[in-house]
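Asker: Could you build the full structure based on these sequences and the hints that come with them?
Protein chains: 2
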Amino acid sequence: MSEFGKVAIFGAGLIGGSFALALKSARAVDEVVAFGRTPASLQEALELGLIDRAGINPAHEMGDADLVLIATPVAQMPGIMERIAPYLGPQTIVTDGGSTKCDVVAAARAAFGDKIAQFVPAHPIAGAENSGPSAARHDLYQGKKVVVTPLEENDDETLDRVKRAWALCGADIYELTPEYHDRVFAAVSHLPHLLSFALVHDLAVREDSEMFFTFAASGFRDFTRIAASHPEMWRDICLANRAAILQELERYTQELDELRSALLGNDGERLQQVFSLARQVRREWASDQ
Amino acid sequence: MSEFGKVAIFGAGLIGGSFALALKSARAVDEVVAFGRTPASLQEALELGLIDRAGINPAHEMGDADLVLIATPVAQMPGIMERIAPYLGPQTIVTDGGSTKCDVVAAARAAFGDKIAQFVPAHPIAGAENSGPSAARHDLYQGKKVVVTPLEENDDETLDRVKRAWALCGADIYELTPEYHDRVFAAVSHLPHLLSFALVHDLAVREDSEMFFTFAASGFRDFTRIAASHPEMWRDICLANRAAILQELERYTQELDELRSALLGNDGERLQQVFSLARQVRREWASDQ
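Those protein sequences? They're chains A and B, same order as listed.
Counted from 1, the first sequence has number 143 at position 90 by the working numbering; the numbering is strictly sequential.
Counted from 1, the second sequence has number 229 at position 176 by the working numbering; the numbering is strictly sequential.
FYI, nobody ran anything at the bench for these hints, they're computed from the structure.
Certain hints may be false.
To be verified - Per the computed footprint, the stretches of chain A lying under chain B, defined by three or more beta-carbons under 8 Å from a beta-carbon of chain B, are:
(1) 131 to 144
(2) 234 to 242
(3) 265 to 271
(4) 276 to 284
(5) 297 to 311
(6) 319 to 331
All of these numbers come straight from a predicted model, not from anything done at the bench.
We put the CB at the ideal spot given by N, CA and C, even for glycine.
Answerer: The structure is reproduced here in structure tokens:
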């Protein structure tokens, strides 16, 4: 038997399908059984060889599963957790691929109760332009970051098993608390999306919006690329991580207030200080990537 | 004699050098004489064939010039205008390449006085990663937009001459008032730069900033690309266009306040409305480019 004998995944799309493929490539799994919202996507995942079997009733598949990955949109996770909780085997470890963590942890605590030690939250940082089973790739996680946000109830062995699974996928593993995770991603991902959506929206609702878009150029293109992101997904992320996003928005508004004061006061020196530090740090970051 | 016999340019870098090269390619000019801040850059422009001659004293070159392009940073334009104003011939037409217009017009009115009808402000929308004479290209303006912001004093013939020069460079010509120009560019260019600088600065000044940059990914990369822009140039643009930028910042802050309310009120419907409209408009814009 291989390292992870039976793996169950919920959602056989980009995240779940790539996870399954990567573990198969590493010969670390005997069987992957998958659950999905539509028979069609499960059929596609089967035909693409991402999974071995489409599951019918989760209740029948949890008892002997070694590892369960919940790779659905975060909004669907509480329902799935409640459905599987009664059936987990004593050896079954559950992890997830959600991009927010405090809300997932809260849902998991509510659903798993005294089995919460069996759940290790995780967030693979590997988006892509496309989604669905056909977007899955065996090397999606190669060299990518996966943040694991352990709970105090997790014992070392359980935590190591989840880290090991992601490491087999080729990922670099980081550990953060769920709270710190959510703060960091609010700042570097969620807030920028909000700001980009806001800019385009503010232009779009003007009577003469066409004139503005006529003269938008390459800087605008870069800044607003993320405003073409999926509205429902970003609504859910914003609601899921609203506390941290509101905190970051508050900080950012203060930063804008400072720039407004510098403009009002014709304070070129202050503007240049802010721009210079930003440029330096942005360039250092880019050269490290 | 060709259409524009003698052309004088101030600043033989990307903007001025490309303008000279394009007019030469179109055989629309007999002689290009250039002025610059350093002898070295003029020498380089000469060697690259961008210009025919490095000027020594502007006073001696204006009287028989047909067209003068001021293609320096905006901050240097008032001084140049004052120096050349007394020597313009009756046929000499002056234009500029500044990215803000109300401040340039104010400087021109102060410098040119009753010769203001000879000045036609313009803004070629053709930045590039690089600058200086070696970055100049004969086709820089091909298919690019040039915004001309005529003054009420300009007669049709003068205006047509400037539009014709830019058209010979291959540009598409647009006409806006200086005020409307500055509002549009505050919204689609200057404000996004400010917002991008602000985000990176806000992260950079945190004690644990390294952790934030560790998890910054592709969305952050796009959003902050313009935060690597030139600090002095953007300081000058912000000061030159501060009234319009402050107005746009005010609008944008209101937009953020609305999103904050939606987050506070758990109003997913409102968030999705904003995101959906932004996405739709951003995608339509991108597909038109």
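Asker: Evaluate each hint against the coordinates.
Answerer: Verification of the hints:
| no. | hint | verdict |
| --- | --- | --- |
| 1 | 131 to 144 | violated (count 0) |
| 2 | 234 to 242 | holds (count 5) |
| 3 | 265 to 271 | holds (count 7) |
| 4 | 276 to 284 | holds (count 9) |
| 5 | 297 to 311 | holds (count 8) |
| 6 | 319 to 331 | holds (count 9) |
In this structure, only the earlier hint numbered 1 is contradicted, and the remaining ones agree with it.
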